[in-house]
Amino acid sequence: MSPIRLADLAYAVEAVVEQNFAGKGFWVVAETSDIKNYPDRNYCFLTLVDRDTGSPGGRDSVAKMEAAIWRKNYSIIRGFEQATGVAFSRNISVLLFVTVAFHAVYGMRLEIHQIDHSYTLGNLERERQAILDMLVRDHADFVWQENGVYITANQLLPRPLAWQRLALIAAPNSDGWRDFRHELQHNPFGYRYQIDEYLTQVQGQGADRAICGQLDKILASGVSYDAVVMVRGGGSQLDFGSFDSLRVGLAVAMFPVPILTGIGHERNVSIADMLCHQSVKTPTKAAAFLIDHNRQFEEQCLRQFARLTEAARERLLGTRENLSMQTERFRFTTHDYLKNRHLELAEKSVTLKHLDPANVLRRGYAMLMRDGRIITKTSALAIGDRIQLRLADGVTNATIQ
Amino acid sequence: MTYQEAYDQLVDLIDDIESETTPLDELPGKIRQATDLIAYCQERLRAVEGGFQDAVSRIKPG
Numbered sequence: 000m001s002p003i004r005l006a007d008l009a010y011a012v013e014a015v016v017e018q019n020f021a022g023k024g025f026w027v028v029a030e031t032s033d034i035k036n037y038p039d040r041n042y043c044f045l046t047l048v049d050r051d052t053g054s055p056g057g058r059d060s061v062a063k064m065e066a067a068i069w070r071k072n073y074s075i076i077r078g079f080e081q082a083t084g085v086a087f088s089r090n091i092s093v094l095l096f097v098t099v100a101f102h103a104v105y106g107m108r109l110e111i112h113q114i115d116h117s118y119t120l121g122n123l124e125r126e127r128q129a130i131l132d133m134l135v136r137d138h139a140d141f142v143w144q145e146n147g148v149y150i151t152a153n154q155l156l157p158r159p160l161a162w163q164r165l166a167l168i169a170a171p172n173s174d175g176w177r178d179f180r181h182e183l184q185h186n187p188f189g190y191r192y193q194i195d196e197y198l199t200q201v202q203g204q205g206a207d208r209a210i211c212g213q214l215d216k217i218l219a220s221g222v223s224y225d226a227v228v229m230v231r232g233g234g235s236q237l238d239f240g241s242f243d244s245l246r247v248g249l250a251v252a253m254f255p256v257p258i259l260t261g262i263g264h265e266r267n268v269s270i271a272d273m274l275c276h277q278s279v280k281t282p283t284k285a286a287a288f289l290i291d292h293n294r295q296f297e298e299q300c301l302r303q304f305a306r307l308t309e310a311a312r313e314r315l316l317g318t319r320e321n322l323s324m325q326t327e328r329f330r331f332t333t334h335d336y337l338k339n340r341h342l343e344l345a346e347k348s349v350t351l352k353h354l355d356p357a358n359v360l361r362r363g364y365a366m367l368m369r370d371g372r373i374i375t376k377t378s379a380l381a382i383g384d385r386i387q388l389r390l391a392d393g394v395t396n397a398t399i400q
Numbered sequence: 000m001t002y003q004e005a006y007d008q009l010v011d012l013i014d015d016i017e018s019e020t021t022p023l024d025e026l027p028g029k030i031r032q033a034t035d036l037i038a039y040c041q042e043r044l045r046a047v048e049g050g051f052q053d054a055v056s057r058i059k060p061g
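Chains as they are written, first to last, in numbering that gives the first Met the number 0: chain Z, 0 to 400; chain B, 0 to 61.
Everything labelled a hint here was simulated from the structure, so no lab data went into it. These figures come from a predicted structure and were not determined experimentally. Fair warning: there could be bad hints in the mix.
Said to hold, decoys possible - Not the full set, but computed from the structure, chain B residues with beta-carbon under 8 Å of chain Z:
id, residue
1, Met0
2, Asp7
3, Leu9
4, Leu23
5, Leu26
6, Ile30
7, Tyr39
As the list claims (entries may be wrong) - Covered stretches of chain B (in silico footprint by chain Z; criterion: 3 or more residues with CB under 8 Å from a CB of chain Z, positions within the stretch not fixed):
id, stretch
8, 10 to 19
9, 45 to 55
Cβ coordinates follow ideal geometry from the N, Cα and C atoms, glycine included.
Make a model of the complete structure from these sequences and hints.
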């Protein structure tokens, strides 16, 4: 058989592939490897592998194919990242809808049209659950379950009356860092917060170790913080890997200062969210939470102050009224006393007047005297006695008959 | 003397006058004492009220 040109062989293969695979799509489970992403050009090349999990180490490839995501499908990457919170990167297991093509120059290549979110979400869920189970099993002092809800030591830490001293874990110059600080510093009540920054990358390779490193630094600082705040903004890279790790989950559950997370997602709840003291959706909401809590405390203080002033005011009013009342009483009691003394005297002098002999005579009585002596009994008188009669207007003589 | 002591003394004095057990000669003395006590209580009350107003105005709500 005479030799043929490579191109001819390639075209022949291309034809066969075209014949058998044109227009056919397949849902394929594979693991990503070696991703070359060109966001400014809207395409992405990657290698897909199928590993033999039965072999020792479970890392031998039983299949490997090149794949591409072209401009018209490029948005599926962002869609995937947003829905799952997983960065489209190497070593993740994905379910893809692909078509097969052979190109004479570039060889066999799969074209990726869709990425199934729920497959990855399902895996994530499984991994997450496995980590949670491990935490509950191996660290029962810090993580346990009650009625299907996870409770941790961090959650049970008491809250201060007001949050003032904060340790902030965030990526330097990130949206999360910026949003949180801005919201906190421009709060409408003029509250001031002391924020110590412990900045590090919170996403990507090794971020889980980095986060734990910052938590260690916070403990080692010797500062008694009211809370540790972990924030992460929406941004372009969406990756919760670090917050779903065993390392971070355990550190959060065990941490002796309340941890507040605001790691920016709509649907997913990471392990760190589940195990921390308080999780909110975004860095802005984290700031709002802190401000609101302090506001409640201030309002409580104002309420108590109002109660205090009200009670004091009433007491003073009551005291004043009592004093006025006694003052009045003093006035009319003294007045009555003096009036009564006058009345008594008046009464006595009336009696005296009545008893005055001059007044008695005026009333028609007469005083009978003999030899200048007053006679009060008829038995002392004899017939023929000469007597003087004193009447009101004078004396007259008379003889007893 | 505390406000309460002064006040209680005042009430007792007025009770005495009211009951008419006080001899007339002792009345001027009691009147003088009572008016002194009233003046004292009023002064104390005014001082506390003033202090209260100052305290309240120092704290601005909101």
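Q: Mind taking a look at whether chain Z covers the stretch 10 to 19 of chain B? Criterion is 3 or more residues with CB to CB distance under 8 Å.
A: Since three or more residues must qualify, the claim that chain Z covers the stretch 10 to 19 of chain B holds, with 6 doing so at under 8 Å.
Q.
Let's test the interface hint: is any C-beta of chain Z closer than 8 Å to that of Leu9 of chain B?
A. Interface hint status for Leu9 of chain B: holds (6 Å vs cutoff 8 Å).
Q) Does Ile30 of chain B pass the interface hint, meaning its C-beta sits closer than 8 Å to a C-beta of chain Z? A) Holds, because the Cβ-Cβ distance from Ile30 of chain B to chain Z comes to roughly 6 Å (cut-off 8 Å).
Q) How about Asp7 of chain B: closest beta carbon in chain Z under 8 Å, or not? A) violated (10 Å)
Q. How does the coverage statement for the stretch 45 to 55 of chain B fare against chain Z, requiring three or more residues with Cβ below 8 Å from a Cβ of that chain?
A. Answer holds; 4 residues pass the 8 Å Cβ test.
**Q.** Cut-off 8 Å, beta-carbon criterion: hint that Leu23 of chain B touches chain Z
**A.** With a minimum Cβ separation of about 6 Å from chain Z (threshold 8 Å), the hint on Leu23 of chain B holds.
Q. Can Leu26 of chain B be said to touch chain Z, with a Cβ gap under 8 Å?
A. Because about 7 Å separates Leu26 of chain B from the closest Cβ in chain Z, which is inside the 8 Å limit, the hint holds.
Q | Tyr39 of chain B as an interface hint toward chain Z, with CB separation required under 8 Å | A | violated (10 Å)
Q.
Given a cut of 8 Å on the nearest C-beta pair, is the interface hint for Met0 of chain B held or broken against chain Z?
A. Violated - the Cβ of Met0 of chain B stays beyond 8 Å from chain Z, reaching only about 15 Å at its closest.
Violated hints, in rising order: 1, 2 and 7; the structure is consistent with all others.
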